[in-house]
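Here the protein sequences come in this chain order: A and B.
For the first sequence, the working numbering assigns the number 1 to the initial residue and increments by one for each residue that follows.
For the second sequence, the working numbering assigns the number 1 to the initial residue and increments by one for each residue that follows.
In short, the hints are calculated from the structure, not lab data.
Accuracy of the hints is not assured; some may be wrong.
Same chains, same label: a pair holds when it works inside one copy or across any pair of copies.
Taking lysine-lysine and the PhoX-like style, the derived pairs with C-alpha atoms no more than 25 Å apart in a straight line are [said to hold, decoys possible]:
| no. | residue 1 | residue 2 |
| --- | --- | --- |
| 1 | Lys201 | Lys170 |
| 2 | Lys170 | Lys85 |
| 3 | Lys109 | Lys214 |
| 4 | Lys121 | Lys6 |
| 5 | Lys170 | Lys184 |
| 6 | Lys143 | Lys219 |
| 7 | Lys143 | Lys218 |
| 8 | Lys103 | Lys146 |
2 protein chains.
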Amino acid sequence: MVKTLKPEEDAYGQEIWAYYQGREVSEVVERDDGYIDPYASGPKAYFAEFEDWPSHHRLAMDFVRGSVLDIGCGAGRHSLFLQKKGLDVLGIDNSPLAIEVSKLRGLKKARVMSIEDIKFKSGSFDTIVMMGNNFGLFGSYEKARKLLEKFHEMTSRNARLVAETVDPYKTDNPDHLRYHRHNKERGRMGGQVRIRIRFRKYVSRWFDYLLVSKEEMKKILRGTGWEINQFIDSDNAQYIAIIERMS
Amino acid sequence: MVKTLKPEEDAYGQEIWAYYQGREVSEVVERDDGYIDPYASGPKAYFAEFEDWPSHHRLAMDFVRGSVLDIGCGAGRHSLFLQKKGLDVLGIDNSPLAIEVSKLRGLKKARVMSIEDIKFKSGSFDTIVMMGNNFGLFGSYEKARKLLEKFHEMTSRNARLVAETVDPYKTDNPDHLRYHRHNKERGRMGGQVRIRIRFRKYVSRWFDYLLVSKEEMKKILRGTGWEINQFIDSDNAQYIAIIERMS
Numbered sequence: 001m002v003k004t005l006k007p008e009e010d011a012y013g014q015e016i017w018a019y020y021q022g023r024e025v026s027e028v029v030e031r032d033d034g035y036i037d038p039y040a041s042g043p044k045a046y047f048a049e050f051e052d053w054p055s056h057h058r059l060a061m062d063f064v065r066g067s068v069l070d071i072g073c074g075a076g077r078h079s080l081f082l083q084k085k086g087l088d089v090l091g092i093d094n095s096p097l098a099i100e101v102s103k104l105r106g107l108k109k110a111r112v113m114s115i116e117d118i119k120f121k122s123g124s125f126d127t128i129v130m131m132g133n134n135f136g137l138f139g140s141y142e143k144a145r146k147l148l149e150k151f152h153e154m155t156s157r158n159a160r161l162v163a164e165t166v167d168p169y170k171t172d173n174p175d176h177l178r179y180h181r182h183n184k185e186r187g188r189m190g191g192q193v194r195i196r197i198r199f200r201k202y203v204s205r206w207f208d209y210l211l212v213s214k215e216e217m218k219k220i221l222r223g224t225g226w227e228i229n230q231f232i233d234s235d236n237a238q239y240i241a242i243i244e245r246m247s
Numbered sequence: 001m002v003k004t005l006k007p008e009e010d011a012y013g014q015e016i017w018a019y020y021q022g023r024e025v026s027e028v029v030e031r032d033d034g035y036i037d038p039y040a041s042g043p044k045a046y047f048a049e050f051e052d053w054p055s056h057h058r059l060a061m062d063f064v065r066g067s068v069l070d071i072g073c074g075a076g077r078h079s080l081f082l083q084k085k086g087l088d089v090l091g092i093d094n095s096p097l098a099i100e101v102s103k104l105r106g107l108k109k110a111r112v113m114s115i116e117d118i119k120f121k122s123g124s125f126d127t128i129v130m131m132g133n134n135f136g137l138f139g140s141y142e143k144a145r146k147l148l149e150k151f152h153e154m155t156s157r158n159a160r161l162v163a164e165t166v167d168p169y170k171t172d173n174p175d176h177l178r179y180h181r182h183n184k185e186r187g188r189m190g191g192q193v194r195i196r197i198r199f200r201k202y203v204s205r206w207f208d209y210l211l212v213s214k215e216e217m218k219k220i221l222r223g224t225g226w227e228i229n230q231f232i233d234s235d236n237a238q239y240i241a242i243i244e245r246m247s
């Protein structure tokens, strides 16, 4: 089932589009417990050049090789860097405006596609990139495992995932700690945050975004044909996992 | 009728309190048409020292004299500056936490009081300060005129208002322009924005905040016993009016 995003729901894309047009832009994330969080550096960061990336992003790029799928490519910052390095990159995003901007910025292969609708033939990719906390697009424990199996089918023998997330438990914010507890009580992962993006009058649909600790990530991977090779830490709760395909 | 603010409604005060405690803080303003606007510099600006104020704020302070009422004093930045200059200042705010912080920062006279509940005996003040766009607290044309008459009664013969606002029409944002039109269609002033403050899980009540052009301000003042002496412009749509009491 392909979910078509209506323009007024594409808050994320509208924000990227406005920033691309040179306008002052800021993103707000609203969680389903009413918590509101402006992500001031958001739009600017989505357009940052390699030399301005945080060091764990820069380090992670060394692990990307071959034919690359960049899931949730946004304005294309990672895809464009990798394309310039000579890799064969396809950027996908469920936001039509984000894909439009990626193309305008020079990304040759960019396609509107949500993670749920991914379908490629076996051996299509050597690396799957999920930067910008996009491990979160897995959404839930079950969905992550199902998608990891699908990723196994469509990648080459020695494929890799380069995926970023946030350890949700590295916080002392009482609202977050309460939210994690409430999530667990209702049978969700602690960091399975139900959020929507707001930008000016644009409001995205509610969606689940999955933030996991390293231990939780290991549990998710168990038996899916993927295993952690190493973690690249940042100076905050974000980290990147280099995940290798087994056999 | 005194409206008591419940702690969970005091989003503005909670934000000031959190910033005072050294936490990372940002304010979000939500308008009743769904427009969302993070005010990133908000909390920091509320605590800024004189030398970091925008120049129109610094210039306006030269017009403040005698016994001063600071309406919507927030974290007390203007009140504290004026108190240090030797003026007799009373800061009021409808936020209990803002008043708490003002007191902790050294403001001697600070009281929880909303603009609707202001009541002082005649000749109590020589200057009324409404900085930080707090002309907006007048809320509407009618309420502004009623309060201006009350202010006339409780001030001395040569009293002044030093009041800041934003010219709402100095924008090319189509959402704002549409909102102004819609306001006028329903008999409100163009810049009579119905908003609420959100900070983390705290949500204020909806309230009307009045942004006016210079011409609109003049119309509001007509026949109230107050008149413009001069305007102090900023480098954006904000401006300060120096308003003198007639007779």
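Up to 25 Å CA-CA - Lys218 versus Lys143, copy category
within (15 Å within a copy, 61 Å between copies)
Using 25 Å as the alpha carbon limit, work out where Lys201 and Lys170 are close: within a copy, between copies, both or neither.
Result: close only across copies, 19 Å inter versus 32 Å intra.
Is it within, between, both or neither when you check Lys170 against Lys85 at 25 Å Cα-Cα?
neither (35 Å within a copy, 45 Å between copies)
One pair to classify: Lys143 and Lys219, alpha carbons no more than 25 Å apart. Within, between, both, or neither?
within (13 Å within a copy, 61 Å between copies)
Given identical chains, is Lys109 near Lys214, meaning Cα to Cα at most 25 Å, within a copy, between copies, both, or neither?
For Lys109 and Lys214, neither the intra-copy (32 Å) nor the inter-copy (52 Å) Cα distance is at most 25 Å.
With identical chains treated as interchangeable, where does the CA-CA distance between Lys121 and Lys6 reach 25 Å or less: within a copy, between copies, both, or neither?
Neither. Shortest intra-copy (29 Å) and inter-copy (58 Å) distances fail the 25 Å Cα cut-off.
Checking Lys103 and Lys146: alpha-carbon separation at most 25 Å within a copy, between copies, both or neither?
neither (30 Å within a copy, 57 Å between copies)
Within, between, both or neither, where Lys170 and Lys184 count as close if Cα-Cα is 25 Å or less
within (16 Å within a copy, 49 Å between copies)
Hints 2, 3, 4, 8 from the list above are not met by this structure, while the remaining hints are.
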